[in-house]
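Quick mapping for you: the protein sequence lines, in order, are chains P and F. Heads up: the first sequence is residues 459 to 922, going by our numbering. Heads up: the second sequence is residues 459 to 922, going by our numbering.
Read the hints as simulated data drawn from the structure, not as lab findings. For glycine and all other residues, C-beta sits at the position ideal for the given N, C-alpha and C. Hints are not guaranteed to be accurate.
Computed list of lysine to aspartate or glutamate pairs in DMTMM-like fashion (alpha-carbon distance at most 20 Å, straight line) [to be verified]:
id, chain 1, residue 1, chain 2, residue 2
1, F, K578, F, E677
2, P, K889, F, E532
3, F, K617, P, E861
4, P, K493, F, D830
5, P, K617, F, E861
6, F, K889, P, E886
7, F, K889, P, E648
8, F, K617, P, E886
9, P, K889, F, D691
Examples of chain P residues lying across from chain F (beta carbon under 7 Å, computed) [unchecked claim]:
id, residue
10, P548
11, G574
12, E575
13, W582
14, V620
15, G621
16, M624
17, F637
18, A646
19, V713
20, G714
21, V784
22, D788
23, G885
24, E907
2 protein chains.
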Amino acid sequence: MSQKLMVKKKTTKDISFFFNPKAIAIIGASPTPGKLSSVILESLKRIGFPGDIYPVNPKYASINGLKCYRAIHEIKNDIDIAIIALPALPALETIKEIAHKVKGAIIVSAGFKETGENGKKLEWEIREIVKKSGIRIMGPNCMGIYDTVSKVDTFFVPKERVGRPMRGGISIISQSGSFAATIMDELASEGIGVSRVISYGNGADVDESDCLEFLKDDEATNAVALFIESVNDGRKFVEAASRCTRKKPVVAVKVGRRDAGVSAAKSHTGAMTGRYEIYRAAFKKAGVTEIDGYEGLKDACRIFNIYSSAKGKKVLIITDGGGIGVRIADACESSGLDVVGISKSARNRLSSKLPSFCAVGNPIDLTGSVTDEDYITALEEGLKDGFDIAIMAILWGPPHITEGLVDKLKEAAQRHNTPIIVCSPGGEFTKRMSRIFAGKGIPVFSSPESAVRAAVILTCIKTV
Amino acid sequence: MSQKLMVKKKTTKDISFFFNPKAIAIIGASPTPGKLSSVILESLKRIGFPGDIYPVNPKYASINGLKCYRAIHEIKNDIDIAIIALPALPALETIKEIAHKVKGAIIVSAGFKETGENGKKLEWEIREIVKKSGIRIMGPNCMGIYDTVSKVDTFFVPKERVGRPMRGGISIISQSGSFAATIMDELASEGIGVSRVISYGNGADVDESDCLEFLKDDEATNAVALFIESVNDGRKFVEAASRCTRKKPVVAVKVGRRDAGVSAAKSHTGAMTGRYEIYRAAFKKAGVTEIDGYEGLKDACRIFNIYSSAKGKKVLIITDGGGIGVRIADACESSGLDVVGISKSARNRLSSKLPSFCAVGNPIDLTGSVTDEDYITALEEGLKDGFDIAIMAILWGPPHITEGLVDKLKEAAQRHNTPIIVCSPGGEFTKRMSRIFAGKGIPVFSSPESAVRAAVILTCIKTV
Chain P
459 MSQKLMVKKK TTKDISFFFN PKAIAIIGAS PTPGKLSSVI LESLKRIGFP
509 GDIYPVNPKY ASINGLKCYR AIHEIKNDID IAIIALPALP ALETIKEIAH
559 KVKGAIIVSA GFKETGENGK KLEWEIREIV KKSGIRIMGP NCMGIYDTVS
609 KVDTFFVPKE RVGRPMRGGI SIISQSGSFA ATIMDELASE GIGVSRVISY
659 GNGADVDESD CLEFLKDDEA TNAVALFIES VNDGRKFVEA ASRCTRKKPV
709 VAVKVGRRDA GVSAAKSHTG AMTGRYEIYR AAFKKAGVTE IDGYEGLKDA
759 CRIFNIYSSA KGKKVLIITD GGGIGVRIAD ACESSGLDVV GISKSARNRL
809 SSKLPSFCAV GNPIDLTGSV TDEDYITALE EGLKDGFDIA IMAILWGPPH
859 ITEGLVDKLK EAAQRHNTPI IVCSPGGEFT KRMSRIFAGK GIPVFSSPES
909 AVRAAVILTC IKTV
Chain F
459 MSQKLMVKKK TTKDISFFFN PKAIAIIGAS PTPGKLSSVI LESLKRIGFP
509 GDIYPVNPKY ASINGLKCYR AIHEIKNDID IAIIALPALP ALETIKEIAH
559 KVKGAIIVSA GFKETGENGK KLEWEIREIV KKSGIRIMGP NCMGIYDTVS
609 KVDTFFVPKE RVGRPMRGGI SIISQSGSFA ATIMDELASE GIGVSRVISY
659 GNGADVDESD CLEFLKDDEA TNAVALFIES VNDGRKFVEA ASRCTRKKPV
709 VAVKVGRRDA GVSAAKSHTG AMTGRYEIYR AAFKKAGVTE IDGYEGLKDA
759 CRIFNIYSSA KGKKVLIITD GGGIGVRIAD ACESSGLDVV GISKSARNRL
809 SSKLPSFCAV GNPIDLTGSV TDEDYITALE EGLKDGFDIA IMAILWGPPH
859 ITEGLVDKLK EAAQRHNTPI IVCSPGGEFT KRMSRIFAGK GIPVFSSPES
909 AVRAAVILTC IKTV
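Please take these sequences and the hints and turn them into a complete structure.
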């Protein structure tokens, strides 16, 4: 039997079935609106999961128009994933029952390691089942998977409260389910797409390293964003992350920089910093770009949907508002980007082609009399001077610029191999224009600082 | 005559008439939609300026339903402010003509110092007229005034593109007109009010120091936000700013940290830093809190509409999402705030009053099963432990929290003298809730980082 188990374990080392399931069982399914399992069933139907869904609960004959099974063994067909939304103890019992019937399970239930000693024991038992049976477990204490490719959604928060992003090229790996749900919700409202979002919770089995191994070969994923509280196996992480960064950009936010529980003990600060330093060193070794916080992670998601890297650090700034242009220049320089001057020949070309009121330098200030054409002229001529990134601060107060700038800029962007980042702070009109830009695949940021953070992220990525 | 001029000059040293005018003349008024003077006339009417508006242009008998005068001297009544929207040379001629007729003028026209030697001469002439006549000049090359108290709006950008904020307690002083317009627009769309917004442009006469002198005694202004590119008279600035900060908070963004034009000459970095260091020292001496950028200035405007300072740096974090709570704790600590542990007695009280699934520490994690009441219990009991600021990270995924939390939190906030900052990142539902919170006077921030920036700003302000 141990031979058989070993074989099974080997075949399931790969977790890709979580991201391409043909059949999903929901254990503890319920028709009661608002219950976790009910929300999950709704979500799976709404996202349009194309495979089979099997509700399992001895209390019901059917749920939400689907036949309900009394036990998983009554289901004749193969099942890839079981979703378990039961209290901790029944969840553990269920895992024992189904370990040989399914390839993997997502345990969304809380009540394990995070609750203390008893919970730790339960979680240890889960790991033992994994070792013996070869089943792969995501969770417990997680939101599971939101996947725009395979159309799986196990996030048990109603869409009315937490929006679901459209399909895009970013995959997000997060220990924290609430963090994953929150950024998903915000990305959805801003029209930023994702590929796969994975909330792996306590990580009893599947962890960030397993996810990185899968995503490195995932053609639907252009870049990976990590939200990490802690890593159990540092060596495994560095190896998996290194393999992934050789193929695509990986960025990470590390939270919990101080030791939990010793915050009042200020004398421990040195030790805390030391622990955080280990993470920083690991990121560096693996080629992972560390990002400072939620805002930065959102910026990364936005920029990586369009660009993956920049060739260097030379930034050209084009603006119609002097003050914002200067602020962008400051932020670039204090972030290590180079706002180099433009050459005499480029300056001459620009001066001859732009109206006389424009200030030709870096930034190029087109002033409030700017037209759509001026923006394109400044970009085309400026980029000839060997810049690695262009930040275009388009303020919408000037009356002569129009929605037509979107298509002109899109065309110009396609003629160049240089990332073009739009920075448009402002109110209603501006936000409407920004949505139009975003819809055409031009990344728009709503503050000088966020545009510069995005530029910095691109320059940190080794060209892959 | 010099005696007479000196007297006149003395009486007009104060610039408060700009912010309480009874009569405004628009020189070069035009009925042509889109022309600067036309937009300004529209803006004055739309905001409901309660005084008299006198269009002046020999070409027209009436404009927009108002009698149009051939020259300013045909107007019999006293005029406080003339708005001049003419090209540079005619603008200068006009100033000469009206210098003894009006208390002050706003020259929105460009074409002065910012355009080179010729423009510098024209601007020097303006200063000479000011010296001789006692007229006060705002501009040139400025947007002028947006004032929700006296209902003046000379910003020549149409409301359809640049929104106007409601009345609030923040006054903004900005050299850059586009910066002022952009942040006004964004504040308007987010429901953040302002008192007076002043774009003084080239500052030929009225400068940031004059504005600070006025705002320090302005009862409609609770706090002042400065956007500075350069200061002409450092001593005057430090004195004016010092007087202002003794009465109310002043925050500043300094842009243009490098010498303009020498960006390519990297060897000059030392000198550039030196110049910026002088500004930093001046801010410090004057008690001005320096803020790093557009995002920070927006955060300051939001928080100062509700709170003016915090007693200390001890921050209590309450959340329903562990990951976001930990990120806030990290951001607090890396910004110099203290996320101190809670006392044993407070911990006991909290544990007895909160459900058992809550993690009682700092952060207090109420988890996804949180109710409205749990938030209030955590806040009330937590604040008894002597915290200076509470940051409440309310994520709206948890199904049991409701809109009713707004009123409950408002009531609780009124019982305490401690700033309560809400942090709610998220999408559509969250943004709707945040608007309701903001409408009740609770400051809501859309990222962990912005909430922490606001907390830091409050702790930098000496209690006034």
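Results of checking the hints against the structure:
no.	hint	result
1	F:K578 to F:E677	violated, 37 Å
2	P:K889 to F:E532	violated, 45 Å
3	F:K617 to P:E861	holds, 17 Å
4	P:K493 to F:D830	holds, 19 Å
5	P:K617 to F:E861	holds, 17 Å
6	F:K889 to P:E886	holds, 14 Å
7	F:K889 to P:E648	holds, 12 Å
8	F:K617 to P:E886	holds, 10 Å
9	P:K889 to F:D691	violated, 38 Å
10	P548	violated, 17 Å
11	G574	violated, 10 Å
12	E575	violated, 15 Å
13	W582	violated, 21 Å
14	V620	holds, 5 Å
15	G621	holds, 4 Å
16	M624	violated, 12 Å
17	F637	holds, 3 Å
18	A646	holds, 5 Å
19	V713	holds, 4 Å
20	G714	holds, 5 Å
21	V784	holds, 4 Å
22	D788	holds, 5 Å
23	G885	holds, 3 Å
24	E907	holds, 5 Å
When each numbered hint is compared with the structure, violations occur for hints 1, 2, 9, 10, 11, 12, 13 and 16.
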